[in-house]
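Participant: So you can see what is in the structure, the chains are spelled out below.
There are 4 protein chains.
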Amino acid sequence: MTNKVLNHYREQNLDRARLLIKCPDQPGIVSAVSTFLMNNGANIIESSQYSADPEGGNFFIRMEFSCPELHKRRNEIEQSFREIATTFKMDFEFCYVSDIKKTAIFVSKELHCLMELLWEWQNGDLMMDIGCIISNYEDSSHLAESLGIPFYYIPANKDIRKQVEEKQLTILKEHDIELIILARYMQILTPDFVSYYPNQIINIHHSFLPAFIGARPYERAYNRGVKLIGATSHYVTNDLDEGPIIEQGVERVNHRDQVEDMKRIGRNIERSVLARAVKWHLQDRVIVDGNKTIVF
Amino acid sequence: MTNKVLNHYREQNLDRARLLIKCPDQPGIVSAVSTFLMNNGANIIESSQYSADPEGGNFFIRMEFSCPELHKRRNEIEQSFREIATTFKMDFEFCYVSDIKKTAIFVSKELHCLMELLWEWQNGDLMMDIGCIISNYEDSSHLAESLGIPFYYIPANKDIRKQVEEKQLTILKEHDIELIILARYMQILTPDFVSYYPNQIINIHHSFLPAFIGARPYERAYNRGVKLIGATSHYVTNDLDEGPIIEQGVERVNHRDQVEDMKRIGRNIERSVLARAVKWHLQDRVIVDGNKTIVF
Amino acid sequence: MTNKVLNHYREQNLDRARLLIKCPDQPGIVSAVSTFLMNNGANIIESSQYSADPEGGNFFIRMEFSCPELHKRRNEIEQSFREIATTFKMDFEFCYVSDIKKTAIFVSKELHCLMELLWEWQNGDLMMDIGCIISNYEDSSHLAESLGIPFYYIPANKDIRKQVEEKQLTILKEHDIELIILARYMQILTPDFVSYYPNQIINIHHSFLPAFIGARPYERAYNRGVKLIGATSHYVTNDLDEGPIIEQGVERVNHRDQVEDMKRIGRNIERSVLARAVKWHLQDRVIVDGNKTIVF
Amino acid sequence: MTNKVLNHYREQNLDRARLLIKCPDQPGIVSAVSTFLMNNGANIIESSQYSADPEGGNFFIRMEFSCPELHKRRNEIEQSFREIATTFKMDFEFCYVSDIKKTAIFVSKELHCLMELLWEWQNGDLMMDIGCIISNYEDSSHLAESLGIPFYYIPANKDIRKQVEEKQLTILKEHDIELIILARYMQILTPDFVSYYPNQIINIHHSFLPAFIGARPYERAYNRGVKLIGATSHYVTNDLDEGPIIEQGVERVNHRDQVEDMKRIGRNIERSVLARAVKWHLQDRVIVDGNKTIVF
Numbered sequence: 001m002t003n004k005v006l007n008h009y010r011e012q013n014l015d016r017a018r019l020l021i022k023c024p025d026q027p028g029i030v031s032a033v034s035t036f037l038m039n040n041g042a043n044i045i046e047s048s049q050y051s052a053d054p055e056g057g058n059f060f061i062r063m064e065f066s067c068p069e070l071h072k073r074r075n076e077i078e079q080s081f082r083e084i085a086t087t088f089k090m091d092f093e094f095c096y097v098s099d100i101k102k103t104a105i106f107v108s109k110e111l112h113c114l115m116e117l118l119w120e121w122q123n124g125d126l127m128m129d130i131g132c133i134i135s136n137y138e139d140s141s142h143l144a145e146s147l148g149i150p151f152y153y154i155p156a157n158k159d160i161r162k163q164v165e166e167k168q169l170t171i172l173k174e175h176d177i178e179l180i181i182l183a184r185y186m187q188i189l190t191p192d193f194v195s196y197y198p199n200q201i202i203n204i205h206h207s208f209l210p211a212f213i214g215a216r217p218y219e220r221a222y223n224r225g226v227k228l229i230g231a232t233s234h235y236v237t238n239d240l241d242e243g244p245i246i247e248q249g250v251e252r253v254n255h256r257d258q259v260e261d262m263k264r265i266g267r268n269i270e271r272s273v274l275a276r277a278v279k280w281h282l283q284d285r286v287i288v289d290g291n292k293t294i295v296f
Numbered sequence: 001m002t003n004k005v006l007n008h009y010r011e012q013n014l015d016r017a018r019l020l021i022k023c024p025d026q027p028g029i030v031s032a033v034s035t036f037l038m039n040n041g042a043n044i045i046e047s048s049q050y051s052a053d054p055e056g057g058n059f060f061i062r063m064e065f066s067c068p069e070l071h072k073r074r075n076e077i078e079q080s081f082r083e084i085a086t087t088f089k090m091d092f093e094f095c096y097v098s099d100i101k102k103t104a105i106f107v108s109k110e111l112h113c114l115m116e117l118l119w120e121w122q123n124g125d126l127m128m129d130i131g132c133i134i135s136n137y138e139d140s141s142h143l144a145e146s147l148g149i150p151f152y153y154i155p156a157n158k159d160i161r162k163q164v165e166e167k168q169l170t171i172l173k174e175h176d177i178e179l180i181i182l183a184r185y186m187q188i189l190t191p192d193f194v195s196y197y198p199n200q201i202i203n204i205h206h207s208f209l210p211a212f213i214g215a216r217p218y219e220r221a222y223n224r225g226v227k228l229i230g231a232t233s234h235y236v237t238n239d240l241d242e243g244p245i246i247e248q249g250v251e252r253v254n255h256r257d258q259v260e261d262m263k264r265i266g267r268n269i270e271r272s273v274l275a276r277a278v279k280w281h282l283q284d285r286v287i288v289d290g291n292k293t294i295v296f
Numbered sequence: 001m002t003n004k005v006l007n008h009y010r011e012q013n014l015d016r017a018r019l020l021i022k023c024p025d026q027p028g029i030v031s032a033v034s035t036f037l038m039n040n041g042a043n044i045i046e047s048s049q050y051s052a053d054p055e056g057g058n059f060f061i062r063m064e065f066s067c068p069e070l071h072k073r074r075n076e077i078e079q080s081f082r083e084i085a086t087t088f089k090m091d092f093e094f095c096y097v098s099d100i101k102k103t104a105i106f107v108s109k110e111l112h113c114l115m116e117l118l119w120e121w122q123n124g125d126l127m128m129d130i131g132c133i134i135s136n137y138e139d140s141s142h143l144a145e146s147l148g149i150p151f152y153y154i155p156a157n158k159d160i161r162k163q164v165e166e167k168q169l170t171i172l173k174e175h176d177i178e179l180i181i182l183a184r185y186m187q188i189l190t191p192d193f194v195s196y197y198p199n200q201i202i203n204i205h206h207s208f209l210p211a212f213i214g215a216r217p218y219e220r221a222y223n224r225g226v227k228l229i230g231a232t233s234h235y236v237t238n239d240l241d242e243g244p245i246i247e248q249g250v251e252r253v254n255h256r257d258q259v260e261d262m263k264r265i266g267r268n269i270e271r272s273v274l275a276r277a278v279k280w281h282l283q284d285r286v287i288v289d290g291n292k293t294i295v296f
Numbered sequence: 001m002t003n004k005v006l007n008h009y010r011e012q013n014l015d016r017a018r019l020l021i022k023c024p025d026q027p028g029i030v031s032a033v034s035t036f037l038m039n040n041g042a043n044i045i046e047s048s049q050y051s052a053d054p055e056g057g058n059f060f061i062r063m064e065f066s067c068p069e070l071h072k073r074r075n076e077i078e079q080s081f082r083e084i085a086t087t088f089k090m091d092f093e094f095c096y097v098s099d100i101k102k103t104a105i106f107v108s109k110e111l112h113c114l115m116e117l118l119w120e121w122q123n124g125d126l127m128m129d130i131g132c133i134i135s136n137y138e139d140s141s142h143l144a145e146s147l148g149i150p151f152y153y154i155p156a157n158k159d160i161r162k163q164v165e166e167k168q169l170t171i172l173k174e175h176d177i178e179l180i181i182l183a184r185y186m187q188i189l190t191p192d193f194v195s196y197y198p199n200q201i202i203n204i205h206h207s208f209l210p211a212f213i214g215a216r217p218y219e220r221a222y223n224r225g226v227k228l229i230g231a232t233s234h235y236v237t238n239d240l241d242e243g244p245i246i247e248q249g250v251e252r253v254n255h256r257d258q259v260e261d262m263k264r265i266g267r268n269i270e271r272s273v274l275a276r277a278v279k280w281h282l283q284d285r286v287i288v289d290g291n292k293t294i295v296f
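Residue numbers (my numbering), protein chains in the order written: chain U, 1 to 296; chain S, 1 to 296; chain W, 1 to 296; chain V, 1 to 296.
Here chain U stands alone, though its shape is the one from the complex (with noise of 0.2 Å):
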């Protein structure tokens, strides 16, 4: 049912792409850019501009179009703006919406942030196509193989880190996955795994970060007294939790709330967080600039 979905969403939108700018910011981009479009055929749907510093920063732009013959013309179109890419320093990539991306779901013991990814997928609100799911530990499996979707259980501990990356990358590479959701995955990764998918892994980390960083943050926040409690997704760098922030959320806990209340608060809050990041993500919506985002 749910490929008849994807199927349907890409036939639907076979005419349709978002365009990603990031150059030196100077007057005339935008003119550039959407008279390029217009002379294409072009007409701009959505867009969304934002200047890091009007006076030498950097300039960002997404618009979303449609264009007629889309996909029969991506090379020509590609080709054509090349010459306005030079002109202004463009760093640019086209987005094509009927590229549903292949993403891979990892996850270990707590299975909510996979069971709110799975639930929005089927419902049609996370448009991705999930090539598989990696777990260490296979309280999973049984979900996954009733969605159709392959499961691969990988044990997992600090001293076999190398054989079972390696075993992911080439599980990953074998179904070609563009975007990793790390829906829980309480496995720590290696600089050479993160440097195959730079911004292409979302993590869902369990607190309001920088507040608690690493190990155990719900009863840090219970020990330190906080009266809200949060979670933030963002993509995975080297420094642990330390990469772009794409979204965050809160809420609040009391004196009454012990670090059971604060974990089952914190499901909720992490489930949401990270189904919007990831819902962003696959609209094109995030930029990464430097250690933060723009988000669209």
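Careful, some of the hints might be misleading.
In silico DSS-like cross-links for lysine-lysine, where the CA-CA straight-line distance does not exceed 30 Å [said to hold, decoys possible]:
no. : chain 1 : residue 1 : chain 2 : residue 2
1   : S       : Lys4      : V       : Lys109
2   : W       : Lys263    : U       : Lys102
3   : U       : Lys263    : V       : Lys292
4   : V       : Lys292    : S       : Lys279
5   : U       : Lys263    : W       : Lys279
6   : S       : Lys101    : V       : Lys263
7   : U       : Lys279    : W       : Lys279
8   : U       : Lys263    : W       : Lys263
9   : V       : Lys263    : V       : Lys292
10  : U       : Lys263    : W       : Lys101
Computed footprint of chain S on chain U; a stretch qualifies when at least three of its residues, placed anywhere within it, have a C-beta under 8 Å from a C-beta of chain S [unchecked claim]:
no. : region
11  : 29-42
12  : 45-52
For the record, the hints were derived by calculation from the structure and aren't laboratory data. Please read all numbers here as calculations on a predicted model, not as lab measurements. Glycine residues also receive a C-beta, built at the ideal position from the N, C-alpha and C atoms.
Keeping the supplied structure of chain U fixed, place chains S, W and V upon it in accordance with the hints.
Facilitator: Using the frame of chain U, we list chains S, W and V on its own:
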């Protein structure tokens, strides 16, 4: 002191304007407008757009730009823009940031919204030139005087509505008022009065509209046993509490909250919701589209 | 697995109960009740009270306590409490935590609320014994079966309401249902049906009541141009959408959100609002007082 | 006018008090206390309790009650309560509602928190008797004078901390100050000073603690790229920003918000969070338990 702040702001923004456009959607609008601005030496600082319905609806855009010597070239630029405007059948307006809007605040006995507006104004968060405060009570006269704002005490009731409004209109014209803020002004305005200021009168209603239209909303919220109360800021039209909504806010209440508690909690919602709506209007971010608003 | 969780919870809570009381306010109530509990060897774990009107209104109290050998001494304790109850003209109820409530979930085509309830139930966050799922569509049958929950498909429309409800009532009695959850069940219940389950039917309405009572609330919210949409969970009475409100929630929307977006955002509000209302009911935290609720 | 409000409040509440208790948890506490109050003719209006750990931790209770002729019977009641207090090893305090707390507000250059406190105070939302305003800048002197509040200008820097605090302590004693509110007072207090007012100094820190402890939190929040910013109100201890947290709040920010925007948004969070914390303290709702607070 505030005049110094306003003058400083004017000087800092002599070259800055916002172009607001509404027109039938079609390809080429962004290209035409951005090329026009570029050709006039303008740099686009912020741009937001919205297609009500990509297939045949209206298109809206707000572009904030800076342009050297703008204050000397206003007429020239506006004149030369007419060609594009005609081509695309545009309603358009150039709003100059240095033309700080002249406002009048109407208030009755409850002063919390007035105080919030004055506080944010003194703080530089609301860039407006307060021409006068008009009230049917004398309670706020000292406050107005201490800030050097002309205060007019005009007693009002439904039997003398016509005379009252005539006096008010005279004062408003004298001060060249462009925006009237009803900061808990508890008198109904006549269609005649409203017709002089289309989409230029902002009201705060003390409920989450369309719930509890009309009088005594907190009493009715209490009687219904709601778990959230709210406030709504909207442009005034001839239908009571039915004008285009600009902003809304809510807070939780519980069974312990009596009507007086709801009013107290509500005051905080009202003042922040009204202040946000006014700020967005002053920044030319609100476009009225039928009975709705687009807030860029 | 869930049965194991429920049985474990039952055993852990054999000695635990909640005493709910409603009576005319007067001095000495807390003293009498707490002394009674102490004399019976009980330890008060949590206590909340509320005086509707300290001068002559009703008084409400919820005391959660643990008492050794409670499961063997229920009758004895309830009997001996009658004396106090008579003195203070109390309505009272002892709710035993180990008597996990038997519930039925009614659902139509939209499954998000059902899925949330099942998810929180599997997770141990909703302590209820789901006796059956009843639907006028077959969509959720697989889901129910996969969890071992009896599923009843009963097609319904307004012309066969009486027969439909007779079937439903037979099933509900068979399963000793104590709480009916309308998880987006899109059929109106007759006064007859409602009379069998006073304050035992919880509905989720997809608007911020009393705004948008009745059908198609998202369409109407869209047309009114509201900036927040909401959902309301309430007990069902014979007045459509007018029963005592248990919980409400809202989320921001903006001019870009079409009706479909509002429905998508609304689904998240609906499922979390309903789940909170059900959880509080299961924990005996909700006392109905006229057309309002006290949520302790 | 405000004195009139305070005097009216005093007279209305001559018979009203709050009893705060902390003691080792054991059965019979509520029974003993409520029976004591009943025997003294008191009516319990509100009661909240909390067991830190039902198996061997501390028990906390706050009972608000009214009692005829209370203002004449204080000594008698407190004396006769000592027996129960000894039996249950209680720390206890009777707080009389008519003893409106004498407070001092410390402020530096930023006046938004001061203004909010004064506004809510004038409005009758913060029932306190402001003895004085102390500042290391002269900016707020006019405001203080216009409200008839003694203002003390005491320039301060870290080299003259001892002399400054001596002057401050003299003033505080002269005014019988019971609560010091640091409304963005940007000087560090010495352990000596703090030792005179244990759990009687409330600070507002402009971050979501424990994130961004110390100086320049908005700059650091901006650099980290967080998506929510916050403020924290806490009692002052000798560890900078480490005292027991009373209340926290957050608001969303995005990539467009520069440091100045965060400060502006932050001002609204700071003033409302501080005002809530102060209100709860004035209502004797906050009990300090180690490095945490219980907020009843």
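Participant: Each hint: holds or not?
Facilitator: We went through each hint and held it up to the structure:
1. Only pairs whose Cα atoms come within 30 Å are accepted, and S/Lys4 paired with V/Lys109 is accepted, the gap being roughly 19 Å.
2. Straight-line distance between C-alpha atoms of W/Lys263 and U/Lys102 comes to about 27 Å, which keeps the hinted pair within the 30 Å bound.
3. The straight-line distance between the Cα atoms of U/Lys263 and V/Lys292 is roughly 19 Å, inside the 30 Å bound, and the hint therefore holds.
4. For the given pair, V/Lys292 sits about 39 Å from S/Lys279 by alpha-carbon distance, which is inconsistent with the 30 Å threshold.
5. Distance check on the hinted pair: U/Lys263 and W/Lys279 sit about 17 Å apart at the alpha-carbon level, within 30 Å; holds.
6. Of the pairs offered as hints, the one joining S/Lys101 and V/Lys263 holds, with about 25 Å between alpha carbons and a cut-off of 30 Å not exceeded.
7. Only pairs whose Cα atoms come within 30 Å are accepted, and U/Lys279 paired with W/Lys279 is accepted, the gap being roughly 29 Å.
8. Taken as a hint, the U/Lys263 and W/Lys263 pair is honoured in the structure, with Cα atoms around 29 Å apart against an allowance of 30 Å.
9. Under the criterion of a C-alpha separation no larger than 30 Å, the hint pairing V/Lys263 with V/Lys292 is consistent with the structure, at around 27 Å.
10. Distance restraint check for U/Lys263 and W/Lys101: the Cα-Cα separation of roughly 25 Å lies within the 30 Å cut-off, and the hinted pair is therefore satisfied.
11. Remark: the region 29-42 of chain U is confirmed as covered by chain S, as 8 of its residues place a Cβ nearer than 8 Å to a Cβ of that chain, reaching the required three.
12. By the rule of at least three residues with a Cβ nearer than 8 Å to a Cβ of chain S, the coverage given for the region 45-52 of chain U holds, with 6 such residues.
Comparing the model with each earlier hint shows a violation of hint 4 alone; every other hint is respected.
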